[in-house]
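Peer 1: Next come the chains, spelled out residue by residue.
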Amino acid sequence: GEKLPGVRKTDHVLPDALTPFEDVAHYNNFYEFGTDKETPSRTAGSLKTRPWTVSVEGEVQKPKLFDVDDLLKLAPLEERIYRLRCVEGWSMVVPWVGFPLAELIKRVEPTGNAKFVEFITLYDPARMPGQKSSVLDWPYREALRLDEAMHPLTLLVFGLYGEVLPNQNGAPVRVVVPWKYGFKSAKSIVRIRFVEQQPVSTWTRAVPSEYGFYANVNPQVDHPRWSQAKERRLGEFFKRPTLMFNGYAEQVAHLYAGMDLKKFF
Amino acid sequence: MPAWTSRSSSRGRKRIRHEENAPRAAKAVVFVAALIPLARLAAGAALGTLGANPIEKIIRTTGYWTLSFLLITLAVTPLRIVLKLPRLVRLRRMLGLFAFFYGLLHFTGYVVLDQFFDWPAILKDIAQRPFITVGFPSFVLLIPLAVTSTDAMMRRLGSKCWQRLHRLVYVSAIGGVIHYLWLVKKDISDPLRFTVLLTALLGFRAIVLLRRRARGSNSTVLSDRREAG
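Residue numbers (our numbering), protein chains in the order written: chain A, 4 to 268; chain B, 3 to 231.
In case anyone wonders, no lab produced these hints; they're calculated from the structure. Here the structure is a predicted model, which means the values were calculated and not measured. Fair warning: there could be bad hints in the mix.
Said to hold, decoys possible - Computed from the model, here is a short list of chain A residues facing chain B with C-beta under 10 Å:
no.	residue
1	Lys40
2	Glu41
3	Val138
4	Ala209
5	Glu213
6	Ala232
7	Lys233
Claimed, not checked - Calculated lysine-lysine pairs in the DSS-like style (CA-CA distance at most 30 Å, straight line):
no.	chain 1	residue 1	chain 2	residue 2
8	A	Lys65	A	Lys118
9	B	Lys188	A	Lys266
10	B	Lys126	A	Lys233
11	B	Lys59	A	Lys242
12	A	Lys51	A	Lys67
13	B	Lys29	B	Lys162
14	B	Lys187	A	Lys242
To be verified - Estimated spans, in silico, between C-beta atoms of each pair:
no.	chain 1	residue 1	chain 2	residue 2	range
15	B	Lys162	A	Arg45	45 to 55 Å
16	B	Asp192	A	Arg110	38 to 48 Å
17	B	Val31	A	Arg45	29 to 39 Å
18	A	Asp72	B	Pro139	56 to 66 Å
19	A	Ala260	B	Thr197	41 to 51 Å
20	A	Arg148	B	Val32	54 to 64 Å
By construction, the Cβ of each residue, glycine as well, lies at the ideal position given by its N, Cα and C atoms.
Based on the provided sequences and hints, a complete structural model is requested.
Peer 2: See the structure below:
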């Protein structure tokens, strides 16, 4: 893909080996392009990512409709290597390119009423053929608490491996929240809304008993149908133990102090 | 002699002649065809083309073919009646054994590749994950059927007993389809296809049974006990 210019290296690196680009780009849960993991890499060519706008709206002083090319220049791009843990029990390690979502949030100045940030994916069955099926309630919606969205680890992402995001990985812009299961990190975003009430995420709406609002990676709280204690890192034979908050406990555990994580799963 | 059926009830009857005439070629063709999914997996594993998560691919594929062969096996009886091809029954034992074979690969894949003999985790799965709770016995039930699929075992058990035992294949197939339905995260279209087919195959038998009852127990070709297999 096309190289992203001026990407700074950061100290967000891991001892873990990177998952090869081929695997990152060919093993995708992106139901907008089909429900198995190989299909999105084959069908996502139908997604035109230019022109593309992102509307930032709701409880903010300065709502704005961003052209994605302007959004990209809002803050310096940096490379961060994060673990990605899917709720299904597999994981990968990806060098993302983007900047902290907080950079965008600061510029639109949330009001005192802004308690949550909702991310809404494009709805366009012509460009996203999977949306012709009613397997999920389109468009895809995800949300974070404002403090989660402001957390320095939460990234607004435009690329991976130094290149523009492949369509199947959520082009042209997505979020990445590394301590939560992958489905919390909304892809191909067209709207970011600041709201007072906790939004209902797409997966929570689909199966409320299995997918909660928080979806923090937690080896002690099993999915109702499978264990979350271990994970298969793509490319490895032996399963590895899943880490609390996906290994980011030191940075994020305080966000959930005093909360019963079995209840707020 | 075919499996999943009791041919012993018709031993010495005229059917035998047809069966002796049935072409061995058909069996050979089915045998080779039934090995294609395994050959493709093996080739994929050797060439490294099973994708980013080859273990998942192996387990999913063998599971898919276990269910497929179970349904194909259960389709033999309806097809012989509808197509008036009683000799099809000669393929049934082999098809049933392929269902067991892929089930064994599926189960071994889970124990060795997925869990790598982590027995506490496996036991926990069986006890706590509904889709494994139902999937595990569905496979285990196939073991006695495979073991008693030989001519000698059929004779030893007697046709009535053997047939009763082999009705477990219905339980196994129903359990297998539920296993698939409960595993899937959201898009249940694939397991639904299996559900519809299995319902049709079992529905056919229910209709045959009801009709037979309506006509009195000893009428028509369908009263041949082995048709119930």
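Peer 1: So, for every hint listed, does it hold in this structure?
Peer 2: To see whether the hints hold, each was checked on the structure:
Look at Lys40 (chain A): its Cβ gets to within about 7 Å of chain B, closer than 10 Å, so that hint holds up. The beta carbon of Glu41 (chain A) comes within 6 Å of a beta carbon in chain B, closer than 10 Å, and the hint placing it at the interface holds. Because the smallest distance between the Cβ of Val138 (chain A) and any Cβ of chain B comes to about 5 Å, under 10 Å, the interface hint for this residue holds. Hint status for Ala209 (chain A): holds, given a least beta-carbon distance of 6 Å to chain B, under 10 Å.
With its C-beta approaching chain B no nearer than about 8 Å, Glu213 (chain A) sits inside the 10 Å limit, and its interface hint holds. The beta carbon of Ala232 (chain A) is positioned within 10 Å of a beta carbon in chain B (closest approach about 8 Å), and the interface hint is therefore held. Interface restraint check: Lys233 (chain A) against chain B, minimum CB-CB distance 8 Å, threshold 10 Å, status holds. Of the supplied pair hints, the one linking Lys65 (chain A) and Lys118 (chain A) holds, its CA atoms being roughly 16 Å apart against a limit of 30 Å.
With a C-alpha separation of about 22 Å, the suggested pairing of Lys188 (chain B) with Lys266 (chain A) holds against the 30 Å cut-off. This hinted pair checks out: Lys126 (chain B) and Lys233 (chain A) have alpha carbons roughly 13 Å apart, not beyond 30 Å. For the hint pairing Lys59 (chain B) with Lys242 (chain A), the CA-to-CA distance comes to about 16 Å; that is within 30 Å, so the pair holds. At most 30 Å may separate the alpha-carbon atoms for a hinted pair to count; Lys51 (chain A) and Lys67 (chain A) meet this at roughly 22 Å.
Restraint check for Lys29 (chain B) and Lys162 (chain B): satisfied, since their Cα atoms lie roughly 26 Å apart, inside the 30 Å limit. Between the alpha carbons of Lys187 (chain B) and Lys242 (chain A) the distance comes to roughly 21 Å, so the proposed pair stays at or under 30 Å and holds. Distance hint check for Lys162 (chain B) and Arg45 (chain A): the Cβ-Cβ separation is about 53 Å, which falls inside the suggested range of 45 to 55 Å. Checking the proposed 38 to 48 Å range against Asp192 (chain B) and Arg110 (chain A) shows it holds: the Cβ atoms sit about 46 Å from each other.
The supplied range of 29 to 39 Å is met by Val31 (chain B) and Arg45 (chain A), whose beta-carbon atoms lie about 33 Å from each other. A hinted range of 56 to 66 Å for the beta carbons of Asp72 (chain A) and Pro139 (chain B) is consistent with their spacing of about 58 Å. The hint said 41 to 51 Å for the Cβ distance between Ala260 (chain A) and Thr197 (chain B), and at roughly 46 Å that hint holds. Distance hint check for Arg148 (chain A) and Val32 (chain B): the Cβ-Cβ separation is about 59 Å, which falls inside the suggested range of 54 to 64 Å.
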